[in-house]
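Q: Residues per chain are reported as follows:
2 protein chains.
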Amino acid sequence: MSEKGRLIVISGPSGAGKSTVVFKVMEKRNDSCFSTSVTTRKPRPGEVDGREYFFVELDRFREMVENGELLEHAEYVANSYGTPRKYVEQKLDEGMNVLLDIEVQGARQVNANRPDAVKIFILPPSKEELARRLRGRGTDTERAIEARLIRAGQECEEADFYDYVIVNDDADKAAEELDAILTAERCRADNRKACMEKFFN
Amino acid sequence: MSEKGRLIVISGPSGAGKSTVVFKVMEKRNDSCFSTSVTTRKPRPGEVDGREYFFVELDRFREMVENGELLEHAEYVANSYGTPRKYVEQKLDEGMNVLLDIEVQGARQVNANRPDAVKIFILPPSKEELARRLRGRGTDTERAIEARLIRAGQECEEADFYDYVIVNDDADKAAEELDAILTAERCRADNRKACMEKFFN
Chain A
0 MSEKGRLIVI SGPSGAGKST VVFKVMEKRN DSCFSTSVTT RKPRPGEVDG REYFFVELDR
60 FREMVENGEL LEHAEYVANS YGTPRKYVEQ KLDEGMNVLL DIEVQGARQV NANRPDAVKI
120 FILPPSKEEL ARRLRGRGTD TERAIEARLI RAGQECEEAD FYDYVIVNDD ADKAAEELDA
180 ILTAERCRAD NRKACMEKFF N
Chain B
0 MSEKGRLIVI SGPSGAGKST VVFKVMEKRN DSCFSTSVTT RKPRPGEVDG REYFFVELDR
60 FREMVENGEL LEHAEYVANS YGTPRKYVEQ KLDEGMNVLL DIEVQGARQV NANRPDAVKI
120 FILPPSKEEL ARRLRGRGTD TERAIEARLI RAGQECEEAD FYDYVIVNDD ADKAAEELDA
180 ILTAERCRAD NRKACMEKFF N
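Those protein sequence lines, which keep their order, are chains A and B. First residue of the first sequence: 0, per numbering that gives the first Met the number 0; consecutive thereafter. First residue of the second sequence: 0, per numbering that gives the first Met the number 0; consecutive thereafter.
Note: identical chains are not told apart, hence a pair may lie in one copy or across any two.
Straight line, CA to CA, 30 angstroms or less: simulated BS3-like cross-link-like pairs of lysine-lysine: (1) Lys172 / Lys23; (2) Lys192 / Lys126; (3) Lys3 / Lys90; (4) Lys90 / Lys197; (5) Lys197 / Lys23; (6) Lys23 / Lys3; (7) Lys3 / Lys126; (8) Lys126 / Lys197; (9) Lys197 / Lys172; (10) Lys3 / Lys85; (11) Lys23 / Lys126; (12) Lys85 / Lys197; (13) Lys41 / Lys85; (14) Lys27 / Lys172; (15) Lys90 / Lys23; (16) Lys172 / Lys90; (17) Lys3 / Lys172; (18) Lys85 / Lys192.
Read the hints as simulated data drawn from the structure, not as lab findings. Values in this document were obtained by computation on a predicted structure and should not be read as measured data.
Using the sequences provided together with the hints, build the complete structure.
A: Here you go:
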C-alpha cells in the first residue's frame, strides 16, 4: 500500500455510544485498527503482551514518558496508561489508520505530538437523551449519573477543538458518517502525493 | 435543515471521467445540486432562463463582474460564463451542497472569494490511461489529443492546490470517494455548531 494511514482520535462523553459506532465501522474496514496501549497494570489470565496491552513496569513507563515514547499518557492512582508512538507510527507506515479512543485531555496531548491527527468528537443528541441512556444502563447510582452528566457537559464544551463532530442520534447513521470521514481523509491531497507522482512519471 | 451546505469545487483534466463520477454521486444524494451559470450566450430552443443558464447581455455580465456578483468568470471570444454568488449562497443557506465543475483558473477565483470552498481534483490514473481514454472517444484528431495531454499535465501540476485528490481508476470507487467527502464535509465541526448549541440548551 503506497498510502499512509491516518491517526484518528475519537472522543466523546460516556453514554455517547462511541464504542458501538466505532465497532460498526471497524467491522467493515480492513484498513483501520485500534492502537495497543502501554500499561503498568499486571496482565490478567489470558492476556498476551502486545495483544491486549504492552505490559511494562512503572520505571519503564516513566522512562517512556521522559523519552517522548508516548503520544499521550495518563497516570491514575493504581495504574498508568499510554499510547506508544513507535507502534502507532509503524501501523501508519503500513497504510493502516490507527484509532485512539481517548478523553479530551489525551486528545490534546496527541495533537501536540501529531498535529496531523484527525480529531473526531461523538456527541449524544441532547443532555436529556444522554441522561436517559445512562439511566437505561442500570449500572450507576443516580449520584454517579449526575456526576457523569456534569462531566459530559464539560467535555462537550471542548468539541470545538475537534475537526469533526458526529451526532449519535442513530448508531447506523453515525457509523456511516465515521466511515465517510475515514474514506475522505484518505483522499486528502497531502495523502495522495504518491498517486500524483505516479501520474507524472 | 439547520446545517448549511458546502460549496464544492471539482476540477480535473478532460478525460479524467469527472462527469461520470459526479453524476453517479448526484443521483444518490438529495442534498447536492449543480450551480446554474450566468452566460452571455443566446438561449437555444427549449432552454429556460434560470434552468440551463441565467441568460444576460454582455453589459449586464460586465456589471456583475465589476460588482463582485460572480464567484468566478471566464470571457471567451464568443461568449462569457460565470457563477452567480447570490444564487449559490441561497442554495447553501437552504442546506444544499453546490457543485461547481470548473477549471483550475476558475477554482482559484472561487477560492479567493470563498476560501471555505471544498476543492476536489479528479485525476486519471496515469498519462497512458488518459491518452487511451481520449483516443477511445474517437472525437479528436491525434494533434488535438496531444494538445489535451499537454494541458492535462499542466492542470495536474496544480492538484496540490486542492483539498482532496480522487484518482479515477474505477468510476464506482471514485464516486464512493466523492460521496464520502461530501458526507465528511457535513460533519466538519464548524458546520455542526447548531447541533452543539442544541446539546447545551
